[in-house]
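Trainee: Chain by chain, the residues run as shown.
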Amino acid sequence: MSRRIVILSAGLSQPSTTRLLADRIGQAVQAQITGRGESAEVEVVELKDLAIDLATAMTTGGMPTPRLARVRETVSAADGIVAVSPVFTASYSGLFKMFFDVLDPEALNGMPVIIAATAGTPRHSLVLDHAIRPLFTYLRAVVVPTGVFAATEDFGDGEAGRTLTSRIHRAAAEFATLVLAEKTGVEGFAPIADVKKRVSGIQIDRAVTPFMDMLQEHVKHRDPGRGQQ
Amino acid sequence: MQFGIFSVGDVTIDPVTGRMPSESERLKAMMKYALKAEEVGLDVFATGEHHNPPFVPSSPTTMLGWIAARTERLQLSTATTLITTNDPVKIAEDFSVLQHLADGRVDLMMGRGNTGPVYPWFGKDIRKGLPLAVENYHLLRRLWREKVVDWEGQFRTPLRGFTLAPAPLDDTPPFVWHGSIRSPEIAEQAAFYGDGFFHNHIFWNKEHTQQMVELYRSRFEHYGHGTADQAIVGLGGQVFMRRNSQDAVREFRPYFDNAPVYGHGPSLEEFTQMTPLTVGSPEQVIERTLGFADYAGHYQRQLFLVDHAGLPEDVVLEQIEILGTEVVPVLRREFEARRPSHVPSDPPGHAALAAQGPNSRHRQVMPAANLDAVA
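Here the protein sequences line up with chains F and R, keeping their order. Residue 229, in full-length UniProt numbering, is where the first sequence stops; the numbers in between run on with no holes. Residue 375, in full-length UniProt numbering, is where the second sequence stops; the numbers in between run on with no holes.
No lab work stands behind these hints: they were computed from the structure. Don't take every hint at face value.
Unchecked claim - Facing chain R, a subset of chain F residues (Cβ under 8 Å, in silico):
no.	residue
1	A55
2	T59
3	M63
4	R206
5	M212
6	L215
7	H218
8	V219
For every residue, glycine included, the Cβ atom is placed at its ideal position computed from N, Cα and C.
Assemble the whole structure, with the sequences as input and the hints as a guide.
Mentor: Now the structure itself:
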């Protein structure tokens, strides 16, 4: 079974440093998964291409445009995602946040995620752990311990460049372990956990709770049930 | 099939003239639209319910009672009545009185409301929106169907030995719709009781509406109220018409561009493509509206939004006139020609429901079969 990995890149320029980092992480993920005898399909989504769709969703109470609906379904159906943002004004970019703002709150439940960011200077590196990591924690995604931060100087030679490469491979290895993990455990031997299903919010969930289950806790007192005239 | 208009009741500045109507003018204008609807042969007028500016309809039965006294045939309805923040006892009383005064020309649509602060203003919690809708509506059904109600629930002070006065007209509760844009639980609720399901339709794409209506239809059949295609469905629509479609687009564009809901967002052309909004000739509106049944199935009620975004009163009256004289007669003919004989044309009205007698399904609190859980 081939694993589907979606890379979300929020870079704006062309060519984009953010996209460059995203592609390097994508290659490392591919290598780590194939190195373990499995295969991976990597799809890159440029959030810039969704900018107008995101603005439409924001101004219409969340109407999914066809393109946005497709990406939201792709993301929720993925086996893992790589999210890369440039640092703007001491945080992730507005475009990056807009995308996550239009997702269903259950869209990333249990999703393995690599977080990464680019900036002009290494002094922004805590954006990963102070802004991006809490965003995914809120969405109940599983973020790998190694975040990948790349300042401009990390693309050069010397110590900085070498450590960027090693961080990318370490993050990719942690990610591959999560993506390929089998669900283990024997039912009945552990307390039942309220594990939340992942939903894109685009398709209506047809497995709706039967109405009597919704009604029961409200009518347990003195309700004769069937009507009396 | 029934056709009518539904109004949000927003007080919005006219972006072309810069004129802001007063609250009083807006309320009176809504009343004129209702009278015009009857005059030109439309079937239904439905008002929204809001408890914050810039909206005026905070007391729908006051408005509908006014209209009832000045009309003969018009069906009076809501879009929607807030089942979450209103006391179900007061809803039962208000609509029971309205039923008597309007000789049964009354139905209503349940909705939850999406304005956060309205919930705490009425002592409720928006996070409990669905449980409130479930519990309050069940109590409402009992108040309209049982002589003496003993009730204890989670949200309302208990009732012991309560009898609704006045009882519903002919002991026949009004027909109820449930409206929801995206909550499958509400489609399930409508299906469970065999009530109608209304999809607002106008702010979102048709694929979404189709999924919600399909879910309702299949669950309606599951609960034994009839086949899926016999379920009672209503849809919203939004139109602006001129003889020449270019004139319609030119005249409506500033209202669209500045509309409170979607203004300053997608273009008129994009929104027209993605949603049921139709700005053009009456013929274009007819063609587009007939297409709704292609994905929602044969349905029973079509309500159009024509009076929002600051459109001036005379223009709205013209729109209602065009609907009544040019659009709806053709829609009636075409929809009925396509409708199979086993699918009802209209939602159940008072006379039909009263004629079904005291043992009919409509008079039962829970007429559903195939209950999935043990009561």
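Trainee: All hints, please: hold or fail.
Mentor: Evaluated hints:
1. A55: holds (7 Å)
2. T59: Since chain R brings a Cβ to about 3 Å from T59(F), closer than 8 Å, the hint holds.
3. M63: Check passed: Cβ of M63(F) comes within 5 Å of chain R, closer than 8 Å.
4. R206: holds (6 Å)
5. M212: With Cβ-Cβ at 4 Å, under 8 Å, it holds.
6. L215: Cβ of L215(F) sits 6 Å from chain R, so the hint holds.
7. H218: holds (4 Å)
8. V219: holds (6 Å)
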